[in-house]
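Enquirer: Chains A and B supply the protein sequences, listed in that same order. Going by the working numbering, the first sequence opens with residue 14, and the numbers climb by one from there. Going by the working numbering, the second sequence opens with residue 590, and the numbers climb by one from there.
Bear in mind the hints are in silico, worked out from the structure with no lab data behind them. These numbers were taken from a predicted model, which means no experiment stands behind them. There's no promise every hint is true.
[Claimed, not checked] Derived contacts from chain A toward chain B, CB cut-off under 8 Å, selection only:
id, residue
1, Ser294
2, Phe295
3, Ala298
[What the hints assert, rightly or not] So these bits of chain B aren't anywhere near chain A, every CB distance computed over 12 Å:
id, residue
4, Ala634
5, Asp650
6, Arg723
7, Pro724
8, Arg741
9, His783
10, Pro785
11, Leu812
12, Arg815
13, Ala865
14, Leu876
15, Gly901
16, His902
Even for Gly, the Cβ is constructed at its ideal location relative to N, Cα and C.
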Amino acid sequence: MARYPFIAIAVAMAATGLMAANAGAVVNDGLPGDSLSDYDDAATYRDAVAAIDGGRFAQAEKLLTELVAQVPADANARFMLGKAREGLGDLPGALTAFQAATGLDAHHLRAWTETGLVQVKSGDLAAARATLATLKSQVANCGAQCANGEASVARLEAAIAGDKGAALETGHDLLFASGAAGDQAYLAAVALINQHRYEAALASLREAEAAFGPHPDILTYIGFVNRKLGRYEQAEGHYRRALAAAPAHRGAAEYYGELKVVRGDMAGARALLARLETLCSFGCAEADELRRWIDGTHIGS
Amino acid sequence: MDRRNAYRLLIAVAALATAAAVARTAALPLSEARWIAPGHDVARALTTEPRECLALPADPDARLAVEIGRAAFRDPLVLGGVAARVGLACASCHRAGHANPDFHFPGLSGAPGTADTTSAITSERRDDGQFNPRPIPSLVTDAGDETISRTRTGALEQFIHGLIVEEFDGPEPAPGLLAGLAAYVRALRSEACHGPGNGPIMVTDRINDIARALDAGARALALGDRASARAMMSSARSMLGALVERLPAPDLAPARVELRAMAIEIGRLQAGPVSAADLTGLRRRLLGKQAAASTWQTSSLFDAGTVETLLGHP
Numbered sequence: 014m015a016r017y018p019f020i021a022i023a024v025a026m027a028a029t030g031l032m033a034a035n036a037g038a039v040v041n042d043g044l045p046g047d048s049l050s051d052y053d054d055a056a057t058y059r060d061a062v063a064a065i066d067g068g069r070f071a072q073a074e075k076l077l078t079e080l081v082a083q084v085p086a087d088a089n090a091r092f093m094l095g096k097a098r099e100g101l102g103d104l105p106g107a108l109t110a111f112q113a114a115t116g117l118d119a120h121h122l123r124a125w126t127e128t129g130l131v132q133v134k135s136g137d138l139a140a141a142r143a144t145l146a147t148l149k150s151q152v153a154n155c156g157a158q159c160a161n162g163e164a165s166v167a168r169l170e171a172a173i174a175g176d177k178g179a180a181l182e183t184g185h186d187l188l189f190a191s192g193a194a195g196d197q198a199y200l201a202a203v204a205l206i207n208q209h210r211y212e213a214a215l216a217s218l219r220e221a222e223a224a225f226g227p228h229p230d231i232l233t234y235i236g237f238v239n240r241k242l243g244r245y246e247q248a249e250g251h252y253r254r255a256l257a258a259a260p261a262h263r264g265a266a267e268y269y270g271e272l273k274v275v276r277g278d279m280a281g282a283r284a285l286l287a288r289l290e291t292l293c294s295f296g297c298a299e300a301d302e303l304r305r306w307i308d309g310t311h312i313g314s
Numbered sequence: 590m591d592r593r594n595a596y597r598l599l600i601a602v603a604a605l606a607t608a609a610a611v612a613r614t615a616a617l618p619l620s621e622a623r624w625i626a627p628g629h630d631v632a633r634a635l636t637t638e639p640r641e642c643l644a645l646p647a648d649p650d651a652r653l654a655v656e657i658g659r660a661a662f663r664d665p666l667v668l669g670g671v672a673a674r675v676g677l678a679c680a681s682c683h684r685a686g687h688a689n690p691d692f693h694f695p696g697l698s699g700a701p702g703t704a705d706t707t708s709a710i711t712s713e714r715r716d717d718g719q720f721n722p723r724p725i726p727s728l729v730t731d732a733g734d735e736t737i738s739r740t741r742t743g744a745l746e747q748f749i750h751g752l753i754v755e756e757f758d759g760p761e762p763a764p765g766l767l768a769g770l771a772a773y774v775r776a777l778r779s780e781a782c783h784g785p786g787n788g789p790i791m792v793t794d795r796i797n798d799i800a801r802a803l804d805a806g807a808r809a810l811a812l813g814d815r816a817s818a819r820a821m822m823s824s825a826r827s828m829l830g831a832l833v834e835r836l837p838a839p840d841l842a843p844a845r846v847e848l849r850a851m852a853i854e855i856g857r858l859q860a861g862p863v864s865a866a867d868l869t870g871l872r873r874r875l876l877g878k879q880a881a882a883s884t885w886q887t888s889s890l891f892d893a894g895t896v897e898t899l900l901g902h903p
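Just chain B, with the same shape it has in the complex (with noise of 0.2 Å):
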């Protein structure tokens, strides 16, 4: 077959996959809901996720280290490229670092679970004109264990530089940037896993990790990294995107419009001056919500009753 009807059939293929899932899905307002594969659990795969499994070291810089890309992790817009515009992030295919059994991306996926990365829908660089899905790795290993070393000095980085400029299309990530994800995959640790494999996603959690990346933030900027520090306020700006599309019900509206105007707030200070002060005060601020949030959970699509219902199930 050559390469154009090979394209061909991978798009045929992609478009039925499309139509299924989308029927399936399009009653819900979420990025997320459209990488889940056709036949799986929608409420399950969108309301539980599995433990973090994140070793934090108890250096400071190495934890701010580790922070940093933790937030990045979670950040679309570092892939750059498609997976930018799709609202695809690292975390989208590692969900808290491990494997996603319910990924499927049309064009990109086989069996759930794959993703094809040398194809021409994400990035020409690594395009190899053929479709072959393969299954996405967890990043919690045990020492030893790993497919990219993590510890020979460089070659996660290399890998993960590799991932987004040439895999994903995205721009040169700044060095803070790319030591962080380094520093965040070295952590995820098998040994630091704790309690059951799947949690239920609570409101107050996001709204942590919002405020961790804005602390990230702030202690990046103490130390002069701006690039790192523009990066954990892009981060946090995407995280209460993802956050509030969580929150479509009329009686959240003021919740809806107090988070996009802090993400206004924070899309300002990255485009202008900052300062640490700025974002602790942003972090504090945001985390004074958290006893509201908590009655958010409910009403919101991270409960499984409420995704049910306006998916239309019984």
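Just chain A, same shape as in the assembly (with noise of 0.2 Å):
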């Protein structure tokens, strides 16, 4: 019987003792939420939403501008970096940010709805009507990637129509920034994850993602489920960034092995596991995991 390696709330609290004993590492005490001080990019996310929420807009543009300095792949950061902006008044600079979210990640549909809202606070009706087309392609490619895309297109479609409620809503609308949604988020993802319902469990993971940016446990599981469906490259982007943020991170360690497993990089998987063991004083399942894919015992895909 195929068997399948499974996330879990592992996810979430691996870890916390065994790392912390391990190796010197931050202790991971539950859900993405409850270990954002561990992380600084994530720690800096959270003091930037924090910021923007109070209405502390320049604070957060500081913070903001700090954190895609260190992590410019980071699209959910440029996304806020934009709604800083936005709060301070400066509207070109904010398209500039949403437009930046995009580029990096075309399925943001919030960056998306951002642009086309701020092309209509702009005067720039004809530009806003272009993005509102290209977030209706988006949302009718994505899928199940892409949750609440109706809305979206809605809130823009109000806004050109000239609803002004729709296009001056932008400013504090963060409640998918905050702790419990995007704590929630994350564990519909593992049980979706476990279900094998891949393109599912990554909407729930970007969902996540928003809420609390660059946290390594949220990339290492949107690395897993594009490696379950094949998407490799993108795999290895997130177990990188991952590992960027959190080098002792042991999740991140053994699946972006694995991932070399699978493309047949012997010596990179290698390299994975001689980092856990070094990682791993006292033993760890990770490398224990990652051991027998490299000697081909494990079992599942």
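Mind assembling these two chains? They're in different frames, but the hints should get you there.
Expert: Following this line, the structure appears as structure tokens:
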């Protein structure tokens, strides 16, 4: 019988004590929302979201400018930078940031929507209509990955049609970025992964990422889901980002190593196993599992 | 309610419960602190446990099997899958073989001391799509009073095999390991219970546990059972990790370094050539720490007062 690697709250809880004891590394004490302080980039993102939510846009812009310099490939950081600039009344600056977010992540529906809304506010309705067309196309194409696409389309359509409420309602709608929403999205992703519903899991993980920013637990599982979907380049990109944020992240090292096995890079897989063995003085499941992949004795895919 | 909505409800409940639990125990750098139900006495749960009611057989081979099972019972890596990754061992649910009324795992537990053994969180193979946690049973029983027969040949082994491989999605257990776990559970007898129900957890007892695992490993090696020996080394390493977690005080840094070095040495032996003498030597070195270890107790997280202080309680 085929078996599948299970992720789970492990995920969430993984390694607490063992990670702390093994590596002198951060203690991951639960869900991503509980460990934001352990990771600099995620903590900066959290502080910036709180600043936007509290109307402290200058502080938020400063934090996000630093974060974007640190993680230039992170679409959510660019998106939040756009929100901060919008709060400051810097519409051209906001537009640049939102467009940068869509350039990094074509499925970032919130960034497409905000791009269009800023264009409406700037009086450039032609550009807003073009953005709306792109948004509709993205919603049609990205399927289960993109949740609430219709609502985004409806909001931009209303703004273009002259509904000022829809256009102006852009400053403080950050409920999606709350810790509770992020943790719930993360746990939903765990269950969906275990049911092999990977596209839907990706949508949930993207929601968790929007809430928590570049958190290594979330990046790792976005990588994992992409691997299961056969998107190896994207998987590798997310594993590398997770390890950049947290070099001692055992799950990221394990799954990146498994990806290397899948791609035939056994030397790369062994290097990651060596890293895990250094991290796991007291033994760990991640090293055991990657060792089984390298030996060819693992079960599942 | 369809299956997806059932999951979402379960997940929402789990998230709330986790948030509450984490807020309470975040100050404690302990895996074990995460399995304590919200509202329960964290210091008591972490520093006391039931007496182990173990009827050790007189026959050396039977005794070795029990010792192998006893060590494996305490090693999360035996279970594999999610349990191994989060640090859950058999002993997490069955403290010293008893039930654990303080146990709570987000998404798996309902009331404290319960767990859903047919959940997708631990394995798809027994996932029934329902959230149906049940009370964790004590494994300490009277003869003839067991849910799973301990006398019918192979019944207990079959049950434990299914539990590891299907319930927890773990790796296939080696024959000696499976036999050991069954022997250990068979040896948990109510007539072997002596003294009061709960007692303090002592650093020195934990060191003895690790020494027993190393001794079992040495004996298994002497009998040519390398798979069981490696499992004993794995258990010794896991237990060393759990011990080091309990010693976060700055003045215990040298002890942590030494115990970690010992774990690394065991890991090296686990991966390469190893002799019974290697493990016996390690056991002797470890037991040589007992006098010093007895002085660690009051500044360790085996001490209720220290736990309370870390939790910020007056």
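Enquirer: I'd like to know which numbered hints this structure contradicts. Please list them from smallest to largest.
Expert: Checked against the structure, no hint fails, so every one of them is satisfied.
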